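Put the two chains together into one complex, using the hints given.
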Amino acid sequence: MCYFQIMKVALAQISPILGNLEKNLTLHLDLIQKALDNKADLVIFPELSLTGYSLKDLAAEVAINTRKSPIFSRLLEASEKIDLVFGFVEERDSRPGLVFNSAAYLSQGRVSSIHRKVFLPTSGMFEEGRFFAAGNRFKAFNTRFARTGLLICRDFLHYCSCYCLMADEVGMIIDISAAPGRGVANQETQGFETSQMWELMGESISFFSSAWVIYCNRVGFEDGAAFAGGSFIYSPFGKLITKLSYLEEEFSIQEIDLEEIKKARRSWPFKRDDRPEVILQSLKNIIEKQNED
Amino acid sequence: MKINAALVTKVLTKFIREESHKAGFKRVIFGLSGGLDSTVCAYLAAQALGPEQVIALILPYKDFDPEGVAEAEKVAAILKIKWQKIDISPQIDAYFSVFPTDNVILKGNKMARERMSILYDFSAREKALILGTSNKTELLIGYGTIHGDMACGINPMGDLYKTQIRELGRFLNIPEEILNRKPTAGLWPGQTDEEEIGISYEELDQILYRLVDLRQNPEEVIKAGFNQAKVRRIIEMIKKSEFKRKMPPIAKISSRTIGHDFLYPYDWDK
Numbered sequence: 000m001c002y003f004q005i006m007k008v009a010l011a012q013i014s015p016i017l018g019n020l021e022k023n024l025t026l027h028l029d030l031i032q033k034a035l036d037n038k039a040d041l042v043i044f045p046e047l048s049l050t051g052y053s054l055k056d057l058a059a060e061v062a063i064n065t066r067k068s069p070i071f072s073r074l075l076e077a078s079e080k081i082d083l084v085f086g087f088v089e090e091r092d093s094r095p096g097l098v099f100n101s102a103a104y105l106s107q108g109r110v111s112s113i114h115r116k117v118f119l120p121t122s123g124m125f126e127e128g129r130f131f132a133a134g135n136r137f138k139a140f141n142t143r144f145a146r147t148g149l150l151i152c153r154d155f156l157h158y159c160s161c162y163c164l165m166a167d168e169v170g171m172i173i174d175i176s177a178a179p180g181r182g183v184a185n186q187e188t189q190g191f192e193t194s195q196m197w198e199l200m201g202e203s204i205s206f207f208s209s210a211w212v213i214y215c216n217r218v219g220f221e222d223g224a225a226f227a228g229g230s231f232i233y234s235p236f237g238k239l240i241t242k243l244s245y246l247e248e249e250f251s252i253q254e255i256d257l258e259e260i261k262k263a264r265r266s267w268p269f270k271r272d273d274r275p276e277v278i279l280q281s282l283k284n285i286i287e288k289q290n291e292d
Numbered sequence: 000m001k002i003n004a005a006l007v008t009k010v011l012t013k014f015i016r017e018e019s020h021k022a023g024f025k026r027v028i029f030g031l032s033g034g035l036d037s038t039v040c041a042y043l044a045a046q047a048l049g050p051e052q053v054i055a056l057i058l059p060y061k062d063f064d065p066e067g068v069a070e071a072e073k074v075a076a077i078l079k080i081k082w083q084k085i086d087i088s089p090q091i092d093a094y095f096s097v098f099p100t101d102n103v104i105l106k107g108n109k110m111a112r113e114r115m116s117i118l119y120d121f122s123a124r125e126k127a128l129i130l131g132t133s134n135k136t137e138l139l140i141g142y143g144t145i146h147g148d149m150a151c152g153i154n155p156m157g158d159l160y161k162t163q164i165r166e167l168g169r170f171l172n173i174p175e176e177i178l179n180r181k182p183t184a185g186l187w188p189g190q191t192d193e194e195e196i197g198i199s200y201e202e203l204d205q206i207l208y209r210l211v212d213l214r215q216n217p218e219e220v221i222k223a224g225f226n227q228a229k230v231r232r233i234i235e236m237i238k239k240s241e242f243k244r245k246m247p248p249i250a251k252i253s254s255r256t257i258g259h260d261f262l263y264p265y266d267w268d269k
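Chains as they are written, first to last, in numbering that gives the first Met the number 0: chain B, 0 to 292; chain X, 0 to 269.
I should point out that these hints are in silico values taken from the structure, not numbers from a laboratory.
Every value quoted in this text rests on a predicted model; they were computed, and no experiment measured them.
Glycine is no exception: its CB is placed at the ideal position from the N, C-alpha and C atoms.
Wrong hints could be hidden among the right ones.
Stated by the list, open to error - If you want the footprint, here are the derived chain B segments under chain X, 3+ residues with CB under 8 Å: (1) 52–61; (2) 176–187; (3) 215–225.
Said to hold, decoys possible - Quick list of simulated restraints, FRET-style, between CB atoms: (4) X:E202 x B:L97: 47 to 53 Å; (5) B:D36 x X:M246: 45 to 51 Å; (6) B:S72 x X:A76: 35 to 41 Å.
Here chain X stands alone, though its shape is the one from the complex (with noise of 0.2 Å):
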């Protein structure tokens, strides 16, 4: 699982010059929470355009998670990257308060998609690309919100489990204290992701890197000393959230149909 930093930071800033350039674009944009992924984010999309390129959105509810906005700005300063501050709390409250909930997973969801519609809203605004910062890790078991915080043009992180990521962001030199941030999802203060997930990302990532990367079944990752129990939730996860990871189905009807066998590149012309 270990990785060579150095190449990967130089495949993944040729990535992002590359295919935002491709698109026609010359600069990005992205959500930055403070936390790890958005964090080495910036500091690749920093270092590939030059930092006036980058232009990092921090959008806080309320004051669910104040050390995150406070490590966002501080990132934003040291890069010299451009940065605004939209406190998304009036329109998710207004919301809620028409369709009032107690359930936190619908409330998390509408935040991701509130966030999703002002960085698209912003892309066209300032003309910049909007980077994704999903992991390997989340984008597999599917802790993300679809059309929301998994939403972007192009993702750098998609191929980094997280573990390899901070790996990732000790070679970048990230902030420290960002380095040893508990990763969260925002979705009450205080909440973290391997509470919630019920799993280290540690043992997360050695589970999910036995059955992705090295292609073993359960049983060998089962022998290999995992938890049986946590070796067959992951793989649910993972079943489950296939369609997280996909166009929806178009239904066929004709001899040739999007995504059956109407087949293009992405970079097509580019």
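With the rest of the complex left out, here is chain B (with noise of 0.2 Å):
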């Protein structure tokens, strides 16, 4: 599955302009060009990048059919010389009338894959169950690096999502996320408090599951709130590999080896004892006992 052992990783930590895509687009491109002159294998955006986040009435507005857009078809040819990842509302001929918060993996000139965010934050802050339809699956798929899992935001702080993606063989898993900062008692950090719920979930997630965790996070305000950046590479054994800055904008390429996926493997065989069938099983009864309650 490992054609490469190294694979160089992009994280452009960018503040996208809220509901312009064509903006977006050219600064999607210039950083495709910069990961490129810097000979990156793949370069990761942030959630919603094409469109910014607090969208409101303007998601079905800017949303895109991966078919029928111009912007996608250029994100696609970009993808020819370098793999990309990116977040972007989404329409689709299948489910008219409604949008999805959606991310691409694209590859070669072609789409790896597409997740749909399925745990839409709506409450507090967030209202994202307003103006979105939810995605219903968790699914790897390979690349030319790693068998991968694509999530947003949310999505990774709910471990079931990335337990499916165990389940399902991942050896990297891309989060890619906007989420604001919130919290300022804390006086030993930089960042805000919720930035280190992300990282104790990266470090978590990428040890117990023997995996990279690539979590790319946005900055820049939108309505007053402050997306926290420290966007972070965690490795297979749980180490910090990398850590953006908080709250400024980044582009960052950091080397990852692949070997080490097989090597905490070898080290914390989580993966070889895992039972998911055990699991499903024992959820699927959960679930019977719930509904007779």
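Structure below.
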């Protein structure tokens, strides 16, 4: 499965223009070129990187159909030279009238996978469920580098999402995010308190899945909320390999060694000893029982 | 309630810089009273944009607060920001000579709205975005004049309690005298907020922090040792002032109505 041992990942911690597809496409293409100049293999953008996050009614207006959109075609074209992950609002022929918060993995001019955000935060400052339809699956796919799973922001904080990907044999989990920062009581950090929640999850999931975890968050302000930045990569041993600055725009390239997946699984056989059929049966039993009540 | 002042400074200076530029402004403007909030705002703005892009208007009424005016002039000089002093007495006195009143609240509101009116006029003349200086404490209890001191383009201070702003001011090294001044809305000579509201900012902020940030119910706050009457009164103040924190409701007639189901972000296309 692994054709490459060392891969170069570019993280684009950007601040998109809210609701302006054309300008954001330019921003993407510029950074894709920069990634190419640095001989990166994969460049990752944050959640809703083509549109911005706090869209409200704009969500329906900036939605694109992957089969018809000239903007999507431009990115497909760009993916002939480098693999791409980015976020966009998606409309689909099969689900007219609905729009999804989606992430695409493009490679060699083709769509490798599209993930539609399953867990749409809708409480407090979040209102995604009001404007987006929810996706309904977690599924890994093959890339040139490793079997990979895509998640979008909150998906990653529901650890069952990561478990599904682990059961589906991932070696690399990519979570793209637009996480606003909250909480400034902690004197010991240069970031918001909520950044620690993501790092805690990054460390845990990477270690207990023996998989690379790549988290790409955005920065900038929308309607008063500051996106926290602090994108990171954790190794399959749960080691922090890189962390980008909090709150600042940054473009960073990191080499990762895909052999680490194998090595981690030899040291810590969580994957070998996993029993998805037991989990599935247990879940079935639990749900049946709940339905009886 | 402690804040990481370095982080807060970073977030708020970025907020001022990014949001003013997105709105198409290079400069910002605000009323500088010589009190804690507007002084901290001045320090943040100067740090965010450079002093040459910051305009402070000192807008006294007669000699209600000479100490404040002196402190404001001192702050402007320390920061090397642009400033102008405009006495609002003639227009205030002209109005109340036709509609006389002894009600200091009416007078205070009129003054706050006169200052707002001057700020918006100067905002257009100077192409400078208005920074709001209302803090979380006064926004929550409604201790401000709607369309007066609450009016602004963006508000960097509105999620910080008064006591947190003092902490931030200490971090930013604002003059000691301003840190120690009794907060005043300048409603009459010698007026102080704490006497008027009837509770110290320390206690008020503690109660608000529990109710709002920690989502405690009134019983929990009272159980924690706070005076029942005070807690109840603060909750009443929050309730009664919700209208000041909202756009006015629009009567819904059509299938798509501004504020109800015509919903776009403030930073649309920015």
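Subject >> Those earlier numbered hints the structure runs against, lowest number first >> reply: As far as the earlier hints go, only 6 is violated by this structure.
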